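A.B. asks: Given chain L, put chain P in place with the hints provided.
There are 2 protein chains.
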Amino acid sequence: MLHTVVMAGGSGTRFWPVSRQDLPKQFLSLFGDRSLIKQAVGRCRTLSSDERTWIVTGAAHAVETGRQLPDVPASHILIEPCGRNTAPCIGLAALCLLAEDPDAVMLVTPADHVIQPEAEFVTAVERAVATLETSPEKLCLFGIVPDRPATGYGYIERGESLAGVDRVFNVVRFREKPNLETAQDFLDAGNFLWNSGIFVWRADTIVRELERLQPELIAVLNRIRERLGEPDFAETLEREFPHCPSISIDYAVLEHSQDVCVLEAPFGWDDVGSWSALARLHPKDEHDNTVLGRHVGIETKNCTIFSSDDHLVTTIGLDECVVVHTENATLVAKLDDEAQVKELLKAIEAAGLEAFL
Amino acid sequence: MLHTVVMAGGSGTRFWPVSRQDLPKQFLSLFGDRSLIKQAVGRCRTLSSDERTWIVTGAAHAVETGRQLPDVPASHILIEPCGRNTAPCIGLAALCLLAEDPDAVMLVTPADHVIQPEAEFVTAVERAVATLETSPEKLCLFGIVPDRPATGYGYIERGESLAGVDRVFNVVRFREKPNLETAQDFLDAGNFLWNSGIFVWRADTIVRELERLQPELIAVLNRIRERLGEPDFAETLEREFPHCPSISIDYAVLEHSQDVCVLEAPFGWDDVGSWSALARLHPKDEHDNTVLGRHVGIETKNCTIFSSDDHLVTTIGLDECVVVHTENATLVAKLDDEAQVKELLKAIEAAGLEAFL
Numbered sequence: 496m497l498h499t500v501v502m503a504g505g506s507g508t509r510f511w512p513v514s515r516q517d518l519p520k521q522f523l524s525l526f527g528d529r530s531l532i533k534q535a536v537g538r539c540r541t542l543s544s545d546e547r548t549w550i551v552t553g554a555a556h557a558v559e560t561g562r563q564l565p566d567v568p569a570s571h572i573l574i575e576p577c578g579r580n581t582a583p584c585i586g587l588a589a590l591c592l593l594a595e596d597p598d599a600v601m602l603v604t605p606a607d608h609v610i611q612p613e614a615e616f617v618t619a620v621e622r623a624v625a626t627l628e629t630s631p632e633k634l635c636l637f638g639i640v641p642d643r644p645a646t647g648y649g650y651i652e653r654g655e656s657l658a659g660v661d662r663v664f665n666v667v668r669f670r671e672k673p674n675l676e677t678a679q680d681f682l683d684a685g686n687f688l689w690n691s692g693i694f695v696w697r698a699d700t701i702v703r704e705l706e707r708l709q710p711e712l713i714a715v716l717n718r719i720r721e722r723l724g725e726p727d728f729a730e731t732l733e734r735e736f737p738h739c740p741s742i743s744i745d746y747a748v749l750e751h752s753q754d755v756c757v758l759e760a761p762f763g764w765d766d767v768g769s770w771s772a773l774a775r776l777h778p779k780d781e782h783d784n785t786v787l788g789r790h791v792g793i794e795t796k797n798c799t800i801f802s803s804d805d806h807l808v809t810t811i812g813l814d815e816c817v818v819v820h821t822e823n824a825t826l827v828a829k830l831d832d833e834a835q836v837k838e839l840l841k842a843i844e845a846a847g848l849e850a851f852l
Numbered sequence: 496m497l498h499t500v501v502m503a504g505g506s507g508t509r510f511w512p513v514s515r516q517d518l519p520k521q522f523l524s525l526f527g528d529r530s531l532i533k534q535a536v537g538r539c540r541t542l543s544s545d546e547r548t549w550i551v552t553g554a555a556h557a558v559e560t561g562r563q564l565p566d567v568p569a570s571h572i573l574i575e576p577c578g579r580n581t582a583p584c585i586g587l588a589a590l591c592l593l594a595e596d597p598d599a600v601m602l603v604t605p606a607d608h609v610i611q612p613e614a615e616f617v618t619a620v621e622r623a624v625a626t627l628e629t630s631p632e633k634l635c636l637f638g639i640v641p642d643r644p645a646t647g648y649g650y651i652e653r654g655e656s657l658a659g660v661d662r663v664f665n666v667v668r669f670r671e672k673p674n675l676e677t678a679q680d681f682l683d684a685g686n687f688l689w690n691s692g693i694f695v696w697r698a699d700t701i702v703r704e705l706e707r708l709q710p711e712l713i714a715v716l717n718r719i720r721e722r723l724g725e726p727d728f729a730e731t732l733e734r735e736f737p738h739c740p741s742i743s744i745d746y747a748v749l750e751h752s753q754d755v756c757v758l759e760a761p762f763g764w765d766d767v768g769s770w771s772a773l774a775r776l777h778p779k780d781e782h783d784n785t786v787l788g789r790h791v792g793i794e795t796k797n798c799t800i801f802s803s804d805d806h807l808v809t810t811i812g813l814d815e816c817v818v819v820h821t822e823n824a825t826l827v828a829k830l831d832d833e834a835q836v837k838e839l840l841k842a843i844e845a846a847g848l849e850a851f852l
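Chains as they are written, first to last, in the numbering used here: chain L, 496 to 852; chain P, 496 to 852.
The hints are simulated quantities; they were obtained by calculation from the structure and are not laboratory data. It cannot be assumed that every hint is accurate.
Copies of the same chain are indistinguishable here, so a pair counts whether it falls within one copy or spans any two.
Listed below are the simulated SDA-like cross-link pairs for lysine to any residue, each with C-alpha atoms no more than 20 Å apart in a straight line [claimed, not checked]:
1) Lys-829 to His-782
2) Lys-829 to Glu-815
3) Lys-841 to Glu-794
4) Lys-829 to Glu-794
None of the values given here were measured: they were computed from a predicted structure.
So that you can see chain L by itself, here it is in the shape it has in the complex (with noise of 0.2 Å):
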């Protein structure tokens, strides 16, 4: 059976100031009328129902998660103590759900990332699926076709076709976050793609191959998966996970295994990293500003503007900015600074402002 497995660890910094400690992006309807949590959740639900999805969060974020997602089980809603990056987060839920079922296939997600038509990526997950029902030693992970030379994504060098189904590939090698020269020869080679952080594979299959590559991961895991639907679970839980190596699954076995294959997705997707995600994703105006909430411009273009019904956001004279408005917080920016924005939030920690964090 096909059980989903939410990756929601993030930590909310980057649409400071809509995105904060307590709430971050996954949580935020920024990208449609649902929350990407919600969104994620949803598109895997004709995949796998609520019953057989897990989320893995941080303690901070686990009454929001409850809340938003009132439909799946609370034993699913694994809170980790803190993060240890995503070999520690997929390990430990493939050994939860291995327990509930041994012949489990893992669809693993990021909780906040923009992924369209919903339909297209069903159909990508079943194709996926099917892959390993021929070969279920494989490690499936979807790799996105680039649009554009980014700097801010791992890629994917793919090889040859697997023998008998469209579009899945060898992989050749993973490729670090490149600078953009080298972003600009992948997109021109036409043989890289995007790690999208999309996994299928069944979950039998990755705790071996983390047996096999981390052992010492696995012990620490297999430490608290042992007290599983004991009253000491979670205490457990805390004490114990915090012992795990902090290391991504792209580390831990994807780059030393013989078994991955990418699949190359036919969806658009999109990991909405900074602000400048509400300019692509949403439509423009006249003047080629984005604009979600109240606002009035005279001289204004190439802009992004973010506010509510009731606040009226209003810019002059103003270029390729990004204006965000919250309740205590005021975000304005030129737009290709947005790096900075965790510059930024380190000032506003220095300044004693922990406050609006």
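C.D. replies: Coordinates of chain P only, in the frame set by chain L:
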């Protein structure tokens, strides 16, 4: 006796969104710890007590005026049913205070200018009053020594010194708001002063000049004066005042009178006509930003930031911008486009968002 007449007819568009239709800039504490109208009355208090203070304002602002100036007699707060520029305003006040004091000297001052230090202002007014004691027919106005080629003010070309009085000059002519080139010529010539809109004269003198030069206007005002102290005074004022021609005291009288003299002001003066005044009148930080309220900036310079203690404004990569946050509206503008605030307010109205004006 010296009486103070405060002209408080401001409509409050230039400091939007802090100033609003129902809260023009004379009521704001943008400059100092008291509102501008409180400062205006306060600096005249040693010259003329609250009992000899008159305020001319609009109906929309009568309540707030009364609240901010609880010690000014209610009968001295004259309500214009509509704006008719300064000549009707000053003529009305002159007639009203002549009824109380036939020997009255009037100090006429706008409610919304910044003047510092107060002591210099008081001394200057006393000097004007002394001038009137020897030359009671004089119409004295304060001229400000320009420190930049401002294009937003009227200029006064001064002539020779009045015999025996220091820094008081005859007026050669009034010059309308110049273009930048002409303003630079004025600045270079050294014998031009800004027209501050602050006047000192005997009430009977200005009435006589209005009778001579604006008989139509004074006829309307006399119909109002006749009902002074009667139950139907307010009703008469409301009915008759709109019949006044809309004309400034400069056009109506000063430019045609032979008795105008200009006193070079020894005090600092700013008409705080736009957001750039905030930068002129407040200290700058090490990046030449002027900040009121909470702000954290990254690569931000030459900006003016206005917020409050409980709303954090953040900026990244901004230069020469003004960012103003208020509870229900935000303005982000390139500083050199400030004149466009009026255009912006029209656009807000056109968008059906009058509630934000």
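A.B. asks: How would you classify Lys-841 and Glu-794 at a CA-CA limit of 20 Å: within, between, both, or neither?
C.D. replies: between (33 Å within a copy, 14 Å between copies)
A.B. asks: Within a copy, between copies, both or neither: where do Lys-829 and Glu-815 come within 20 Å Cα-Cα?
C.D. replies: both (6 Å within a copy, 13 Å between copies)
A.B. asks: Given identical chains, is Lys-829 near His-782, meaning Cα to Cα at most 20 Å, within a copy, between copies, both, or neither?
C.D. replies: both (17 Å within a copy, 17 Å between copies)
A.B. asks: For Lys-829 and Glu-794, with the copy left unspecified, which applies at a CA distance of at most 20 Å: within, between, both, or neither?
C.D. replies: both (16 Å within a copy, 10 Å between copies)
When each numbered hint is compared with the structure, no violation occurs for any of them.
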